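2 protein chains.
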Amino acid sequence: MSPAAESAQLRVAAPETDRAATPAAAAADSPVLATARRARIAATELAPLPRTPRDTALLAIADALEARVDEILAANAEDVARAREAGTSASIVDRLTLTPERVAAIASDVRDVVALPDPVGEVVRGSTLPNGLDLRQVRVPLGVVGIIYEARPNVTVDAAALCLKSGNAVLLRGSSSAHRSNTALVAVLRDAVAGAGLPADAVQLVPGESRESVHELMRARGLVDVLIPRGGAALIRTVVENSTVPVIETGVGNCHIYVDERADLDRAVEIVVTAKAERPSVCNSVETVLVHRAVADALLPRLLAALTEAGVTVHGDAAWGAAGAAAGVAVAEATDEDWAEEYLGPHLAAAVVPDLDAAVAHIRRWSSGHTEAILTADTAAARRFVSLVDSAAVMVNASTRFTDGGQFGFGAEIGISTQKLHARGPMGLPELTSTKYVVTGDGHTRG
Amino acid sequence: MSPAAESAQLRVAAPETDRAATPAAAAADSPVLATARRARIAATELAPLPRTPRDTALLAIADALEARVDEILAANAEDVARAREAGTSASIVDRLTLTPERVAAIASDVRDVVALPDPVGEVVRGSTLPNGLDLRQVRVPLGVVGIIYEARPNVTVDAAALCLKSGNAVLLRGSSSAHRSNTALVAVLRDAVAGAGLPADAVQLVPGESRESVHELMRARGLVDVLIPRGGAALIRTVVENSTVPVIETGVGNCHIYVDERADLDRAVEIVVTAKAERPSVCNSVETVLVHRAVADALLPRLLAALTEAGVTVHGDAAWGAAGAAAGVAVAEATDEDWAEEYLGPHLAAAVVPDLDAAVAHIRRWSSGHTEAILTADTAAARRFVSLVDSAAVMVNASTRFTDGGQFGFGAEIGISTQKLHARGPMGLPELTSTKYVVTGDGHTRG
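Protein chains in written order, with our numbering: chain A, 784 to 1230; chain B, 784 to 1230.
Hints may be right or wrong, so weigh each one.
Identical copies go unnamed one by one, so any copy, or any two together, can satisfy a pair.
Here are the simulated DMTMM-like cross-link-like pairs (lysine to aspartate or glutamate), alpha carbons at most 20 Å apart as the crow flies [what the hints assert, rightly or not]:
1. Lys1219 x Asp1187
2. Lys1219 x Glu905
3. Lys1219 x Glu995
4. Lys1219 x Asp1047
5. Lys1219 x Glu1116
No lab work stands behind these hints, which were simulated from the structure alone. Fair warning: this is a prediction, and the values are worked out from it, not measured in the lab.
The task is simple: from the sequences and hints, build the whole structure.
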């Protein structure tokens, strides 16, 4: 059967029969709620589809991105021109900018998603119960996923591709600085999805550029199944505080590296410096280094030299200040703000601690729960650190930079969850699903 | 090492070093927040403990419940006397009442929990990455679990036992009608936990009987990791609307049975009647039956006779009304309120539908997403129903009453989730955990 016929065959609930889509509710709809309601209906059509029609739509998206690159670049050029006029920083303009090569890379990423295993329909557990009932727990799509994100237009396509692959409808709420680019991209995505016989409303941009439209999205409980804010701490806090829709917090990474008394100091210098300087703008870069006092005299001068050479400013405690003075390196005085800060830039907070437990206590107080690392040759110290630190990822003798869906072998990533419910750490396709129990019997009654 | 020594050895963060427990925050605490803060500290101590000290504490609880039964019954007798004076219904008084046998059964249930597999430390997935890093995803406790529940004092012990078994601290917020019973039970639990060397604050009653104390609990984000309301739809809606703490919705069951045109009608009568009448007060009992019109003439008279004999009032559509008139059985006229209602009593909504898709459309509009069943001999119909119905459990030729942690072989159940995030359907011990990634290398750097 063709994907279109398959989709048509599985179309059951007319909008007016779905509780979420009653005429009375629809009449009162704002543009945001109307969009969410269309997404709900599209999700109902997507959920029962097998893999092939979803993959067909994704391949159509990849082809369409390449075929319509001029249209996409023209819209993007307008966003870039406006950003330049507004005096936006060069690094943000760079993130915003699309080129033919970048669009080709985005299309290639979509094809990579097609190749990933289908999470939908996976049997998570199953057994035959003592009474003969067959029990299966099966992965199903979440339904409608809302993504709130900032600058980069590639997220628009990445998020839509991951949601489609996992059978979900997606509501995209990008930043106003990328509005023209996102509008052009979503038009391409919707045409490709519809051309493949799936509902175009599986991919929608949330209308309106005001804060009010985000607020409406956050209150659309019953229409939206989960909201994933991707961005700075302030955005995430706003969503968490105001949303009645369930939220998955992502991406705020105040990550720590603790250098134990039995660490290999050569490796420690290399790990700390690369974890900070290789790509400081990402959430898994290190923001604070904690050094056991037994190795401080040997390590601090070397770390200060290497960090300075890498262009990193150290915000240190008294011990680091003294080491800086001795080495002729300027060390800023660390305050509570530094311990709490996710710099995302060439700054590093630094302290000397009396022992492992003090490092753990510091991490418990200040960490955002993303990733912490211990560097040590001591197995007991490694075990204790892993046991006591409650973060999404705990590294032993490895850089914090490895917390990443691609590095973990998940093939793709919708974000890195720093919360404990539903998903924790890098979120791949399975984290975009729920499950349902399917129980099959021969007329079994209970009692 | 003794459990007490083990616990002491793993005690690291002094309260003042934990971010959640800074003196500034503590100074502003209300009684509810102070309780939550103590729970947070207890959770930090519990999390790294292996199985043995947790099981030891649970066995101590079971013994203490038996040893101190007189004290528990005396407190319970006061609650029961007050409830009788207030004119509470006999069925609620019965739920509230403890007897020596019931306390013994509660203690026995705690021993059953001891015997269950430990969810903490289970490796959910693991691999060696291409670069040689060892990746493990390991179950860890959620932290602090808040339970808001009604009448029955056995929930106090059940919930505490499941939370302790899974390494969590628990905040218990029962109903004021069971306040004396709960206070006595929690005193017994805390003494037993402390006697086993674990922090007594792992089990606490939320102080205050006002709604304000529930409201404070719902806003204690950062101190409480998850709230699980167990009770009626109104309670759950209030918590969902007002909580900044993540919530798991449980237990509202507007369950449907659809009798397909190819169902075995003898089995259909037996399944529908027992699913309604065997124990109508539970969430997995059936509330609406939908009958394919091809079998309506044959089935409706039989179902009406059997339901009437079982003391069930049918609230039916026109077809059911006509069948009732022909059979001399009173059928109430069903309204939208009936389709939406979770009766939890001897009432059943009933409709005749033209086909399977109409049954699915009815379920999509009215179901609470708990459990729906199809009775059919037709494999294609069964597959279509399973595919199109999006509820926590979908039954094929089996009663809705099987959606239950005990029936599913989970050994215990903290509730039945009707939401899609984190847990869906019966929640056993694994659903009371989160995970963390543990990544081990040899000084791996990235970039």
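* Unsatisfied constraints (hint numbers, rising) -> 3, 4, 5
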